[in-house]
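If you read the protein sequences in the order shown, they are chains A and B.
When we follow my numbering, the leftmost residue of the first sequence carries the number 1, and every step to the right adds one.
When we follow my numbering, the leftmost residue of the second sequence carries the number 1, and every step to the right adds one.
Honestly, the hints are just simulated from the structure, not real lab data.
You may find that some hints are simply not true.
When chains are identical, the list treats them as one kind, so a pair holds in a single copy or across two.
No more than 30 Å apart at the CA atoms, straight line, and that leaves these computed lysine-lysine pairs for DSSO-like [what the hints assert, rightly or not]:
| hint | residue 1 | residue 2 |
| --- | --- | --- |
| 1 | K344 | K134 |
| 2 | K113 | K87 |
| 3 | K98 | K456 |
| 4 | K57 | K331 |
| 5 | K339 | K181 |
| 6 | K394 | K326 |
| 7 | K339 | K452 |
| 8 | K348 | K255 |
| 9 | K339 | K316 |
| 10 | K452 | K98 |
| 11 | K234 | K478 |
| 12 | K336 | K188 |
| 13 | K482 | K323 |
| 14 | K316 | K57 |
| 15 | K394 | K180 |
| 16 | K450 | K98 |
| 17 | K420 | K196 |
| 18 | K296 | K326 |
There are 2 protein chains.
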Amino acid sequence: MAKKITSREEDYSQWYNDIVQEADLAENSGVRGCMVIKPYGYAIWEKMQAELDRMFKETGHVNAYFPLFIPKSYLSKEADHIEGFAKECAVVTHYRLKNAEDGSGVVVDPNAKLEEELIVRPTSETIIWDTYRKWIQSYRDLPLLINQWANVVRWEMRTRLFLRTSEFLWQEGHTAHATKKEALEETKQMINIYAKFAKSFMAMPVVQGLKSANERFAGAEETYCIEALMQDGKALQAGTSHFLAQNFAKAFDVKFATAEGKQEYVWATSWGVSTRLMGALIMTHSDDHGLVLPPKLAPFQVVIIPIYKGDEQLEKLSEVAMKLQKSLEKKGITVKFDKRDTHKPGWKFAEYELKGVPLRLALGARDLENGTIEVARRDTLEKETYQIIDIDVKVENLLEKIQNNLYKKALTFREDRTFKADSREEFIRLIEQGGFVYAHWDGTSETEEKIKQETKATIRCIPFDAQEEHGTCLFSGKSSNKRVLFAKAY
Amino acid sequence: MAKKITSREEDYSQWYNDIVQEADLAENSGVRGCMVIKPYGYAIWEKMQAELDRMFKETGHVNAYFPLFIPKSYLSKEADHIEGFAKECAVVTHYRLKNAEDGSGVVVDPNAKLEEELIVRPTSETIIWDTYRKWIQSYRDLPLLINQWANVVRWEMRTRLFLRTSEFLWQEGHTAHATKKEALEETKQMINIYAKFAKSFMAMPVVQGLKSANERFAGAEETYCIEALMQDGKALQAGTSHFLAQNFAKAFDVKFATAEGKQEYVWATSWGVSTRLMGALIMTHSDDHGLVLPPKLAPFQVVIIPIYKGDEQLEKLSEVAMKLQKSLEKKGITVKFDKRDTHKPGWKFAEYELKGVPLRLALGARDLENGTIEVARRDTLEKETYQIIDIDVKVENLLEKIQNNLYKKALTFREDRTFKADSREEFIRLIEQGGFVYAHWDGTSETEEKIKQETKATIRCIPFDAQEEHGTCLFSGKSSNKRVLFAKAY
Numbered sequence: 001m002a003k004k005i006t007s008r009e010e011d012y013s014q015w016y017n018d019i020v021q022e023a024d025l026a027e028n029s030g031v032r033g034c035m036v037i038k039p040y041g042y043a044i045w046e047k048m049q050a051e052l053d054r055m056f057k058e059t060g061h062v063n064a065y066f067p068l069f070i071p072k073s074y075l076s077k078e079a080d081h082i083e084g085f086a087k088e089c090a091v092v093t094h095y096r097l098k099n100a101e102d103g104s105g106v107v108v109d110p111n112a113k114l115e116e117e118l119i120v121r122p123t124s125e126t127i128i129w130d131t132y133r134k135w136i137q138s139y140r141d142l143p144l145l146i147n148q149w150a151n152v153v154r155w156e157m158r159t160r161l162f163l164r165t166s167e168f169l170w171q172e173g174h175t176a177h178a179t180k181k182e183a184l185e186e187t188k189q190m191i192n193i194y195a196k197f198a199k200s201f202m203a204m205p206v207v208q209g210l211k212s213a214n215e216r217f218a219g220a221e222e223t224y225c226i227e228a229l230m231q232d233g234k235a236l237q238a239g240t241s242h243f244l245a246q247n248f249a250k251a252f253d254v255k256f257a258t259a260e261g262k263q264e265y266v267w268a269t270s271w272g273v274s275t276r277l278m279g280a281l282i283m284t285h286s287d288d289h290g291l292v293l294p295p296k297l298a299p300f301q302v303v304i305i306p307i308y309k310g311d312e313q314l315e316k317l318s319e320v321a322m323k324l325q326k327s328l329e330k331k332g333i334t335v336k337f338d339k340r341d342t343h344k345p346g347w348k349f350a351e352y353e354l355k356g357v358p359l360r361l362a363l364g365a366r367d368l369e370n371g372t373i374e375v376a377r378r379d380t381l382e383k384e385t386y387q388i389i390d391i392d393v394k395v396e397n398l399l400e401k402i403q404n405n406l407y408k409k410a411l412t413f414r415e416d417r418t419f420k421a422d423s424r425e426e427f428i429r430l431i432e433q434g435g436f437v438y439a440h441w442d443g444t445s446e447t448e449e450k451i452k453q454e455t456k457a458t459i460r461c462i463p464f465d466a467q468e469e470h471g472t473c474l475f476s477g478k479s480s481n482k483r484v485l486f487a488k489a490y
Numbered sequence: 001m002a003k004k005i006t007s008r009e010e011d012y013s014q015w016y017n018d019i020v021q022e023a024d025l026a027e028n029s030g031v032r033g034c035m036v037i038k039p040y041g042y043a044i045w046e047k048m049q050a051e052l053d054r055m056f057k058e059t060g061h062v063n064a065y066f067p068l069f070i071p072k073s074y075l076s077k078e079a080d081h082i083e084g085f086a087k088e089c090a091v092v093t094h095y096r097l098k099n100a101e102d103g104s105g106v107v108v109d110p111n112a113k114l115e116e117e118l119i120v121r122p123t124s125e126t127i128i129w130d131t132y133r134k135w136i137q138s139y140r141d142l143p144l145l146i147n148q149w150a151n152v153v154r155w156e157m158r159t160r161l162f163l164r165t166s167e168f169l170w171q172e173g174h175t176a177h178a179t180k181k182e183a184l185e186e187t188k189q190m191i192n193i194y195a196k197f198a199k200s201f202m203a204m205p206v207v208q209g210l211k212s213a214n215e216r217f218a219g220a221e222e223t224y225c226i227e228a229l230m231q232d233g234k235a236l237q238a239g240t241s242h243f244l245a246q247n248f249a250k251a252f253d254v255k256f257a258t259a260e261g262k263q264e265y266v267w268a269t270s271w272g273v274s275t276r277l278m279g280a281l282i283m284t285h286s287d288d289h290g291l292v293l294p295p296k297l298a299p300f301q302v303v304i305i306p307i308y309k310g311d312e313q314l315e316k317l318s319e320v321a322m323k324l325q326k327s328l329e330k331k332g333i334t335v336k337f338d339k340r341d342t343h344k345p346g347w348k349f350a351e352y353e354l355k356g357v358p359l360r361l362a363l364g365a366r367d368l369e370n371g372t373i374e375v376a377r378r379d380t381l382e383k384e385t386y387q388i389i390d391i392d393v394k395v396e397n398l399l400e401k402i403q404n405n406l407y408k409k410a411l412t413f414r415e416d417r418t419f420k421a422d423s424r425e426e427f428i429r430l431i432e433q434g435g436f437v438y439a440h441w442d443g444t445s446e447t448e449e450k451i452k453q454e455t456k457a458t459i460r461c462i463p464f465d466a467q468e469e470h471g472t473c474l475f476s477g478k479s480s481n482k483r484v485l486f487a488k489a490y
């Protein structure tokens, strides 16, 4: 009855789906494109939220909540914004149902038609800037550093659990500043925070950079992003931070009085990460045995499994296990002691391996006699028997090791699949093969579009740390002064 | 320029609105009936969430997330449920906008009509039980103890910030059990948790009891509630816990195999509290000077305000203040040190009084000389000068005192306005005057309806602790064996 994960080699896409399903992370609902995030998956998301929320607050941000609905006319106020979002939104047109006259159930009450349709927010710039107009009069009211945790809806035609769903959960920061400089610094600060979170908590290396004009957020003047490489060689955009200039301030007429008494438009940023990070996390570390979780985001970091015959043995083992659990918890380590008698140890081993629990401690009768315990690492699948003395310290060290090892492993993977292409043929071959490809590009949208059509590769970003280097665009032959990052992407 | 709060005596309703506005808690948005929860208000809600979430998890519940949208047909599956919710829901009928042909903006794309309309969840029983069908096969899968933090929409015609809004934030627990007994125990446990939260954190006394049939949740067999008394003598339902029997299991065909191998329908509960609690909190403690917050839910419990002339004084005061802040924070006390030079101390005093900060510490040059500090309590408005030595301990004690005092004050208020009515005339007079009125009732919906029409009073609950007491219904003259709780309500 062991649950079966398709191997990556056999079918990468099915492997991903299998893990999401078998590790109990999420599933499709009866509503097209909308997922149910199951308790185990949600617990990981809660860990992510807690860390991000702390990082936001440490940098002076506060949370607030804005309406789910956006009047249609608001969405139209910023020209690029409506172009980007009109195609994929859920529209509320009525506010009441009534019993069908033929008794067949309920129907929409035609008398309850809204005067103006409401859009379920695909992102909240418009409703928030409509609000900020009331909050900002003077430079003393600035900066506003506000974040919102919310659900948003973008009507996607092709959906995949976590990676692209019609409804998803996210946070969206919306800040207002007196100067361009300050807004740009905020935009940069937030992409740095995302990169730090990806590295320190998700154990996921990312490349930070600028989006090309084609890939920019609808309404932004600049979009910064973090890009990660998945195990199938495709890139995944894991977070974005937008410099919105004065676009939304102008669209919603948000001005402030400067210290000198002049009226000026407010400068804006917005930035967000979403439940898509769950997809990134899964695809960065997991293997053919199931999910692999970095200890810092695991709902429980350690599982203790007793191996016993009869109630008496179980009782003795439980005593030791619960003492151990307490000493681990004292160190801030989260522990599950699974002594259910409805499932055999072998079943439990498989289950927690599938669920990516970083460390499995198994305790049997012989261990009690010898003062030992078996410790299995999920990342390396290595098993070792330790003296139980000071096991809490050993576990603490091991968890740290696992966290670091996962990052190093992911970094090595990325480095092994990061290339420079210096000819068109090489570029096509490398993109086909999968991975990050650094290449020269002439800086035009036309060439970018052409490359996309020919190779399916997009410019993931113009890396912040790109070196000045003279070269020629592989597709147009025009000159270029730095390489940009190409890949096929999710 | 002091912000002005209308007094309760002058206009209670305006007093409430003034506090919500002037204490920066929330405001109406451009979307009918939908509010913006401002950062200070949201920070209080976050505190509530954190405590409730902890209490839920301590009793074995886990969080998950279910879709925002509910297919229309799901809502119809439970007959009472659709009757209760069809009248007030937001209906999504289309999934795309397009540019208007006359260039006047965007319009709903008629080609993007959904085959089946989607309802923005007014509550999630239906979508969740449709999901539970897939999760529950055997008694081993039970109980399911799941909670969701989410936004919901009920299209209200008359809205008031926090108390009744079209969109609101809440948590909804949805549990599944093998037996009726266990489900009933869960229903009871959760109303107990709500009562405990109200008492221990909100410092708000509540009456626990059963709803009459008229006031039951649409689809429930029993609804338990907590009811609080507001300062205008009206009751506010602050939380409900529903025993749903097998109604949703039958509607969504959710059966499980018992240990004996029989197929049985699953037993259910659901329970929730919402941002309405914010309204309850405000109206329980606040006074004509503004918001009053119990320390356990205050975004910051202490504000330190320096009173200074010139930078040099400020620097000296800051040194002491920041040391004090640190020693308070070490005790887990949250502190804001407001040394902004854009506002005068008097303005700050007024501002934090308005915002209900439990303790205000003011530190001037003379205090430095004397080793003193002025401490002002928000609940009693008393000021006292303390030796600064061991001030952290004194502050800690004062905060505890304030928390207890607020509860006692609210309890005394409620007791003073709780009455027994033994005649119809007395009942009408007491209800008119405002407060909780205990009276005999014959147990029928007809009489309840009649009382409501004649007096505007509703049965708030049949208290759990009602004493057996023979009497006669004040309105029908029929016999009754206990008093129930009447009041006009929000």
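> Of the numbered hints stated previously, which ones are contradicted by the structure, given in increasing order?
Replying inline: 7, 13 and 15
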